[in-house]
Each structure stands twice: as structure tokens, then as C-alpha cells.
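From first to last, the protein sequence lines are chains A and B.
Everything in the first sequence is counted per our numbering, starting at 221 for the first residue and increasing by one.
Everything in the second sequence is counted per our numbering, starting at 17 for the first residue and increasing by one.
These are computed hints drawn from the structure, not numbers from a lab.
All values reported here derive from a predicted model rather than from experimental measurement.
Ideal placement from N, C-alpha and C gives every residue a C-beta, glycine not left out.
Be a bit skeptical, because a hint or two may be false.
Stated by the list, open to error - Have a look at the derived ranges for each label pair, beta carbon to beta carbon:
1) A:445 <-> B:198: 48 to 54 angstroms
2) B:122 <-> A:498: 17 to 23 angstroms
3) B:171 <-> A:445: 46 to 52 angstroms
4) B:109 <-> A:555: 39 to 45 angstroms
5) B:134 <-> A:493: 33 to 39 angstroms
6) B:86 <-> A:502: 39 to 45 angstroms
7) A:502 <-> B:134: 33 to 39 angstroms
8) B:122 <-> A:654: 39 to 45 angstroms
9) A:493 <-> B:242: 38 to 44 angstroms
10) B:108 <-> A:654: 52 to 58 angstroms
11) A:446 <-> B:198: 49 to 55 angstroms
12) A:489 <-> B:198: 20 to 26 angstroms
13) B:235 <-> A:489: 24 to 30 angstroms
14) A:555 <-> B:27: 49 to 55 angstroms
Unchecked claim - Okay, derived cross-link-like pairs now, DSSO-like style, lysine-lysine, Cα gap no bigger than 30 angstroms in a straight line:
15) A:515 <-> B:172
16) B:239 <-> B:190
17) B:172 <-> B:239
18) B:219 <-> B:172
19) A:515 <-> B:190
20) B:219 <-> B:239
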Amino acid sequence: MRLLATLRARVIVLAVGVAALVIILAAVPIAFLLRNSAYGDAEHHATDAAQSTADYISTGNANDTTLTAYLKRLNERGNTSVTVVMGDGDALGAPLDQEVLTKVGRDQGPELHLDHDRDNLGEVSSARTIDVDGGRVVQVVAQNGQGQAQVLALITDDSVADTIRERDLIVGGSALVLLVLACVAADLTARRLVRPLQRTADTAVALSGGDLAARARVEGPVEVARVAIELNALADRIDDLLLQEREAAADLSHRLRTPLTAVRLAVEALPASDRSRDLEDQVAHLERSLTQLIKAARRPVREGLHPRCEATAVVRGRADFWTPLAEDQDRRVTLEVPEHPVWVRSAEEDLGAALDALLENVVAHTPEGTAFTVRLAEAAGGVHLDVLDEGPGIPVVALQRGRSDRGSTGLGLDIARAAAEASGGSLELLHEATEHGVRLFLRTDAQPALINS
Amino acid sequence: MPDVLLVEDDSAIRTALTRALTQLGHVVTSVATGAEAMTALTSHDHDVVVLDLGLPDIDGSRVLEVSQALRSGPVIVATARDDEAEVIRLLNAGADDYLVKPFSAAQMDARIRAVLRRTRSRADDEDQRLVVAGLVLDPVGRTVELDGAPVDLTRKEFDLLQLLMQRRGEVLSKQTLLAEVWQQPWGGADRTVDVHLSWLRRKLGETAAGPRFLVSVRGVGVKLVDPT
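The shape of chain B in the complex, shown without the other chains (with noise of 0.2 angstroms):
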């Protein structure tokens, strides 16, 4: 179970947030305070810390940089500002990522579980390429290959491929893909995973009527197989 750090200042995200990652198999630790959030850090390791920048009494940048300092586990910013130099100084000051308010509990679980298989993925030494049949993804080149030709892919449709081919065989709906691969605080942009996955296809050489890797389940999701 991975042991979350909780830094919020509102009483009411703090409850709640507390009670629904608990209820999706965390272990939370929650602080109310720049002070409180050192403290928890320098006397207990933490697998992930959830971190509001707006506290009453130290800067969440400072508890970012101590966090930094301290190597603890990997920081995900719960931030109300969600504009690019903002998210830019923020993932340049060691944020893992970043969730912009308001978000669902279960964006921030799926959030947490992402950056947790992310981090541990770096920690392996084993070969990290995604395989798939034909289709291989290198992660740390972002480069695709089907059937050893190079794939184009933007970064979304990137980011949209490894997750699925991280979790072959799931059918994943779109608003688990949606909260993963798009930083939508929000969810009923059901379009914008569809003609992401229509563009995936495509470069995938097939098409919905004939699906090779990619299969939709109507009303549930879509997920990856291997065609052999």
C-alpha cells in the first residue's frame, strides 16, 4: 500500500481527500502546514507526497525544495493555478507532476499510481521498452516502432500508447485515460480521447471497423492486444 503524505490546508480537502485514498488502498499522512510537512518528511519516508502550494504559514515552493533536498518520494503539486509558467516553474523546481483543482479522487489515485510506476520503472535496470507483438515503445527515447519501422507519434498520442501498452490487456475507460494522459481537471472530454485514438490507429495502420492492437469495448473503454 503506498504511503501518501498529504499536505493541504483546507480542512475540507484534507477530510475528504484523506477518507477517499484511504477507501482506494492508501496509507495517508496528512499535515495542515509548511511546518508540519518538513516535519513528517525529515522523520518518515514517504512513497509520494501530495503537495498544495498555498499554505498558511511557508511557501509549498520551500516544503518542494526541502522534499527535493531530503530525496523523499516523488512530489505530486495539487495546484489552483493551472497556467504554463506556472506548471513549467513547478516541474522545473522538482514537481513529478502536477493535478490542477479541482480534481476527483480518483484522478489523484490514478495520478499517484502513475508517478509511483513511473518512479520505480526508473529505479529497475531491466530493459524499460514496452513490447507489444510489433509495436515497441522505448519510454526513455520516446521513440514507437511497428514491425521495426519508426511510428510518428505526437506526444499525446505517445503518452496515450504507453499507457495502454503499461496496462495491455486492461480496458481502460476515458475518463481513467483522460485523468493519465491529459491534465483535465475535469472529465466529459470524451471526444478528445476519441479522435486521439482515431489518430492512433491510423498510424497504427488499422481502423476501428478493423482493429489490430487497439480494440474500443462499447460504453466501457479501450484497450491494447497483441494481435498474434
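Isolated chain A, as found in the complex (with noise of 0.2 angstroms):
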């Protein structure tokens, strides 16, 4: 079925089937035609070779030796089998079947014609065609003054055949050309309308990867046309959509950065204190709340429209990064990826950030010398990355948006949840053996490949 998945493909199936269907349908009344007009040819020359024997015995100058010499020229260079069986029963010229002979000889043949010429030669008959097994006969009779004489002249099946399977693969190598020849001019007619829905679909692509800046260019027959120019009206929503989010996003960290600021100067400002101290906490975890949920509003204006990254390569690398810290710690790493690309629905960006979120948190609140896997691992519809350490353990009270995760503002967790549902996926604690964690799972990028015609 993949062979007709595209339009060209189905464009051409559809002229050729509709050729070929015209070439059947005529082929029938076509065979028959040419079945006919070959035995017509055939008989038509039987019986000139037939009749012009027969002229030649009514001059009556012909004996035994003459006439059998005159049939062999005849036969050889008309390519008929004529034979003349004379008045005694004799036969002269080519062999024929003693079956034909005697089924010939049941009658006295058609009539002689009396003409009233002055020319002094013999009468001749018309041609009669009488049906036998294996073919026909054309039957002409000749009199003379010795007596009369049958000319018959034999048309095999076999030889009408011969002419027949000719005629019949001239035909069909006609109807081949005609084939050929629809299909290029389907394939061609394909292909100019292909072609500008090829691009269109290119823009689209390119508007889905991010290039906000592609257009279509608009051409080709008036509904593709058509389908161009409303894509680029789609795009420049887009990218007034955009425009109006960027600006909402400068507009929403603007309101809520500045006054910040001053809440944050004025605690400052708090003679010290275990309650200025804890206030000082709860603005920090504010501004942090705030970047991140700025940066989630900026998320379509930083991403683009189609957020995908390789996770094998951003997890190396952010195991990479980790790993002196990891080392002067004395933690053992253990790094487990597939060794081929994985693609996912997250911005690199968002996975990066999560990914350090997490291990961010097992180095922090796990002793030095404590061991972590980072583990990467393709699951149903996704793939599981997993952070997990040798550590106590974390509440599932910190799964809580905001809550604490083992004493911490709890921002970690939430980077990191925040990923995987931006990508369609989730976070979930994970509880093995000895080792405890976060699991996040992560959609995989399934955007389909456009088959280019």
C-alpha cells in the first residue's frame, strides 16, 4: 500500500488503469476483427492463385509437365499450396490430405460459368471456400478441351494463425506504447501537481520545525494555490500569536520582576532575625517560581512551535558535566543510554535544565561519597530517564507542586516535572532495590517523515 501513499503514485495508477481497462474493453472486438480480415487475406489470395491455375488449364494449353512446373513457380513464389486434380483422378501440385481430397470430391464443384466470349478458351468456375479439418479449401473448377479439372487451393489454420499472432503482437505492442505513453503523461500531469503541494508541504514542515519566516510560494492548479495562500495566512497568525506572547511575556516579567524587587530590597533592609532570615528564604523561592514560570510563558517564543531534542546526546552531556563534581565527592556515576539517537518532544534547553535539577538535587542532599545512575531507557510511546541514588529517599510529599523535595525549595522536582509534562510525559518516584529516584518520562518525537515525490 506504501507504493500508492502518494499522489503521484495514484495519478499515474489511475491513467494507466483507465488505459488499460480502454484496451481490454476494445481488445475482444479488435481479436475478432483480426481473426476475420486474416482468413479474408488468406482466402482473397487463395483464391487469385486458385483462379488464375484454373485460367491457365482453360487455354487448354497446358499438359501434365507444363501445368505441374506452372504450380511449382506458383507456390513457391505465392507462398500457397494449390493443387490441381485433374479429370482422371490425377493430382498436380502441392500434396494434399486424401480426408481433404475425398471431402472436395463429393460433389462436382460449383457450377461452370458458360461465357459467350469469343476467346475460344475454356469455362471457369467461380470459387467456392468449403470448410475441412485443419483449414480451408478454395474450390475453382476449369474444363478444357480434355475434360475438366478441380483447382483447389489449401489455407491451413496454421498459416492464418501465423498471420493472426503478427497482426495480434503489432496490436499489442500498440497498446503497450499507449500504455507507456499514458503513464508518462499521467506521471508528468503528477508531477506539476505535486510539485507546488511538494513545497507547501515543505513551508509547512519548515513553520512546524520553527523557521516562522517560510511562506509557501503560491502556484499550481487554483486549490493548491489556495491551500499556499492560507498557510501563509496561518503563518503571519503565528507569528502575530507570537508576538503578542513575547510581548505578554516582557509585559508579565516586567509586572511581577520590579515589584519583587522592592519586597526583596525591604527584607533586606529587616534588622537581621530568624524572621527577616525566613522571609529572605520565602522571597528567594518566590523569585525562583517566578523565573521558572516566566521562562514557561516565554516557552513557544524560545522553542518554536516543534520543541524536539536527542536525549542520548543531552543526557551524556550533562552526565559529562557533572562528573568531576561527582569525582571530588567520590560518587560513582553509572551512565546508561542507548547507543542510538532518541529523539524527544522537549526543548534541549528543558531536558538539559531538568536533567541538572535533578542531579542538582541528589548532590545536595545526599552525603558525599553517596553513588547515582542516570539511566536512559525506551519505553512504550517514550523513554524513561531515570535519576536515582543510594540515598534515603524522596517524600512523595515533595511531589507536591512546590513543596519541598528533602528540605529544598522543591523548585528541582518541579523544573524537572515541568519538562516531562511539556514534552506530553509525567515525573513519578522510584522506589528499586537499594536505589531511590525520580523517574521522568518523556514522549518520543513521532512527527512522520513526508514522502517526497
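Build the complex from these two chains, which are given one at a time in their own frames, with help from the hints.
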């Protein structure tokens, strides 16, 4: 079915199919006509040979020797099979099967025409065709002063079949040429139809990939041109919406950050006390949450419309980044990632930030020397990104947004969860035999590849 | 005492920041509008200008242009926007540094001091290279050599090492390092500093257990020392 997946293939198949149907429908009457025509031609040819022989006999000048020589020349030159059965029963010329002779000899043959001319030639009958086993025989009776002779010209089915085969081959070849021409014409038409569609589709893919400047050329048939026009209008609309989002994010940033600066400076100005330190912590948490909020609001602007990244490279990169610190802290790092590329529906920055947050969580909340594992494994519809350590584990309450994960602000899990959920996945706590940690489920990128025509 | 011109339309921020910076040893002149800022720039030389872009009368970028034209002191832009395009635009427009809101008074103080150090060292004709034993850092060429061999550092690692070498022997807290090296408007990302320090140690051929230049002071911070 993949053969018919493209419009071009469908147009070609349709055109060739219609042409083939027309040829098949025309084939039966054409074959019938070819057969009749072949027999007609053979009969006409045999009749001419028989009649010319009869005319020769009717001159009365032919004896057995000259007639035999005549028939030999005639049969060789005309590729005919003419036999003359003399009045005494002798058969001259091409040998003829006895059964045919018997069947032909059952009557006197066609009636002689009494000509009333003054040419002194014998009479010659008109030609008669008789069906015999394996073909037909054209029979002409000639008379001269020595008696009557029957001239028999044999038309074998085999010789006619050869002619029919030759003509069938010519007609079949013509049909084949017609099919090829139909295929070529359909291909040309399909290409002209598909090319603008393909360009429009390429534009749609470019837009989906984040190239918001991409626009489709308005070309091709009216319907295709209209698709391009509408796609361009949609792209303009996306531009407008992103611009609005960008402005909204900037406005949000300004509206929230400016008053928060005043709050922070005011809190810092308070006399040092447990209460003021608690307030500072709360303000710091608020700031981090605000930064994440603004970042999330900016996500479409930052990532384009189709965020995706190669997860194994990101995971390896971030694990490498944290390795020196792990080594300084005597932590054994186990990294497990597939050998082949795995594309996920997440921006590289988001996935990196999520993994950084989880690794930072491990480093911050487990004693130095605690080993940890980073594992990327394929799962149904996505991948599991596990960060496990041999520490005490994360309490379930930490999964509530903004709640503490092992005593910190809880923002690390929020960042990781936001990355997972942005890809259509999720975050869950994981408890294995000796290790505990977090599992991110990230959806793999299943963007279908367009088939190029 | 550095003379700071603070241009900020939000009265709460202006008042609090003026008070805090004054307590930190700066002489602060604060104004609330672009027009007042231009008047202050033309009437008096300031060591550094802290400029909020969202002013009620004139766009802060205009004030930045005037400051450039008058060749007044370095400008630190205090902005609520942290998108990369905006930051690049500000730096290209002539800002010497930027700080994304919300920020603390300590961060602003650190940034002011860093900018002043930078501009003053530019003015000095003497060799700007920082040398600690076999470790040589060239801030202009942005190269580092250890015992004559080049050391390949990332931008953050270079900035971190430069700060530590500039303040050799002084224990710098992770908060200070975050404020000066990273454009972090908030604290709490200690591990970012830790992991960069680990990379720096590795590239300088040492470990946390076997320090040479970089010595951690548990619970306080890190300092760069002369190992000889």
C-alpha cells in the first residue's frame, strides 16, 4: 500500500488503469476483426491463385508437365498451396491430404460459367470455399478440351494463425506504447500537480520545525494555490500570536519582577533575625518560581512550535558536566543510555535543565560518597529518564508542586516535572532495591516524515 | 567612595536601594525620571550609573545613549527583561553590565564594584595579566597558562578564575561568585558554582582532596592561594 501512498503514484495508477481498461474492452472486438481479416486475406490470396491456375488450364495449352512446373513456380512464389485434380483423378502441384480430396470430391464442385465470349478458352467456375479439417479450401473448376479439372487452394489454420499472431503482436505493441504514453503523461501531470503541493508541504514542515519566516509559493492549480494562501495566512497569524506572547511575557516579567525587587530590598533592610531570614528564604523561593513561570510563559517564543532534541546526547552531556563534581565528592556515577539516537518532544534546554535539577538534587541532599545512576531507557511511546541514588529517597509529599524535596525549595522537581509534562509525559518517584529517585517519562518525537514525490 | 547615579522610577526600589547602597559605602544620587537623569549626567560626573530602562517619560535607552555621548561613567542596566536578545541589545547599545530584576542590594554592590574594577584596570597602562605562581591569566586575550602550558577554559570557568585571581587569598562565598560571575538574580544555585569549581580544579590539575590553587573553606566559600 506504500506504493500508493503518494498522490503522484495514485494519479499514475489511475491513468494507466483507465488506459488498460480501455485497451481490454477494445481487445475482444479487435481480436475478432483481426482473425476475420486474416482469414479474408488468406482466402482472397488463395482464390487469386486458384483462379489464375484455372485460367491457365482453361487455355488448353497445359499438359501435366507444364502444369506441374506452373504450380511449382506459383506455390513457391506466392507461398500458396495449390493443387490441381485432373479429370482422371491425378493430383498435380502441392500434395493434399486424402481426407480433403475426398471431401472436395463429393460433388462436382461449383457450377461452370458458360461464357459467351469468342476467346476459345475453356470455361471457369466461380470460387467456392469449403471448410475442411485444419483449414479451408478454395475450389475452382476449369474446363478445356481435354475435360474438367478442379483447382484447390488450401488455406491452413496454422498459416492463418501465424498471420493473426503477427498482427496481434503489432496491436499488442501499440497497446503497450499507449500504456507507456499514458504513464508518462500521467507522471508529467502528477508532477505538475504535486510539485507545488510538495513545496507547500515543505513550508508547513519548516513552520512546524520553528522556521516562522517560511512562506509557501502561491502556484499550481487553483485548489493548491489556495492551500498555499491559507497556509501563509496561518503563518502570519502564528507570527502575530507569538509577538503577542512575547509582549505578554515581557509585560509579565516587568509587572512581577519590579515589585518583587522592592519586596526583596525591603526584606533585606529588615534587622537581622530568624524572621527576616525566613522572609528572605521565602522571597528567594518566590523569585525562583517567578523565573520558572516567566520561562514557561516564554516557552513557545523560545522553542518554536516543534521543540525536540536528541535525548542521548543531552543526557551524556549533562552527566559529563556533573562528573568532575561527583569525582571530587567520591561519588560513583553510572550512566546507561541507548547507543542509538532517541528524539524526544522536549527542547534541549528544558531537558538539560530538568536533568541538572535532578542531579543537583542528588548532590545537594545525599552525603558525599553516595553513588548515583542516570539511566535513559526506551519505553512504550517514549523514554524513561531515571536519576537514582543510594540515599534515603524523596518523600511523596515532595511531589506536590512547590513543596520541599528533601528540605530544599522543591523547585528542582517542579523544573523536571515541567519539562516532562511539556513533552506530554510525567514525573514519578522510583524505588528500586537499593536505589531511590525520580523517573521522568518523556514522549518520543513521532513527527512523520513526508514522502517526497 | 564610589559616586553612584541611580535612575529608577519605582519609589520603593529607589528608596530601598539608595539606603542599602549607602550603607555599603556608596554615595548615591537617585532620580526618578529620564529628564532628571539627563540633567544629573550633564551637571556632574558619576563613577557609575545604575539605570532602569522602564522610565515614565523617556525610554531608558535614550538615557544610555546620552551617557555614552557624554562619556560619563560605566552604566549598569537594571532590567526586568532577561531574554537574550534584550541583553545583547543593551550591551551593544553601550551598557557595561546588566542585572536582571529582582536583585539584592549585595548583588548590585558586587556588580558596581566589578564594573569599576574593570574600567579602572582598563585605564591602567600597566600589565593587566594576573599571575599567581605558575598560573597566568590574560584578561584581554582571555588566555590562561599553567606552568607555561595553555589551559582551555569555558567562558564561566575563565570568569570564575579571573575573579578568584583578582581577589587572591580572599574567601569568596558562593553567593558572591554567583552574583559576580553568573547572571543569577537569585541565590540557591550553589551546585552551579560547585560543579564549575570542580571543572576548574580538574583543568588546573588538582582535586578537592588535593588542592593546589583552589582551597575550599567548608561552610564559607573558596579562595585562590599561591601554592608556593
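Here's how the hints hold up against the structure:
no.	hint	in the structure
1	A:445 <-> B:198: 48 to 54 angstroms	holds, 52 angstroms
2	B:122 <-> A:498: 17 to 23 angstroms	holds, 18 angstroms
3	B:171 <-> A:445: 46 to 52 angstroms	holds, 50 angstroms
4	B:109 <-> A:555: 39 to 45 angstroms	holds, 44 angstroms
5	B:134 <-> A:493: 33 to 39 angstroms	holds, 36 angstroms
6	B:86 <-> A:502: 39 to 45 angstroms	holds, 42 angstroms
7	A:502 <-> B:134: 33 to 39 angstroms	holds, 34 angstroms
8	B:122 <-> A:654: 39 to 45 angstroms	holds, 43 angstroms
9	A:493 <-> B:242: 38 to 44 angstroms	holds, 40 angstroms
10	B:108 <-> A:654: 52 to 58 angstroms	holds, 54 angstroms
11	A:446 <-> B:198: 49 to 55 angstroms	holds, 52 angstroms
12	A:489 <-> B:198: 20 to 26 angstroms	holds, 24 angstroms
13	B:235 <-> A:489: 24 to 30 angstroms	holds, 26 angstroms
14	A:555 <-> B:27: 49 to 55 angstroms	holds, 53 angstroms
15	A:515 <-> B:172	holds, 22 angstroms
16	B:239 <-> B:190	holds, 11 angstroms
17	B:172 <-> B:239	holds, 17 angstroms
18	B:219 <-> B:172	holds, 13 angstroms
19	A:515 <-> B:190	holds, 24 angstroms
20	B:219 <-> B:239	holds, 17 angstroms
Figure legend: structure checked against the earlier numbered hints; every hint is met.
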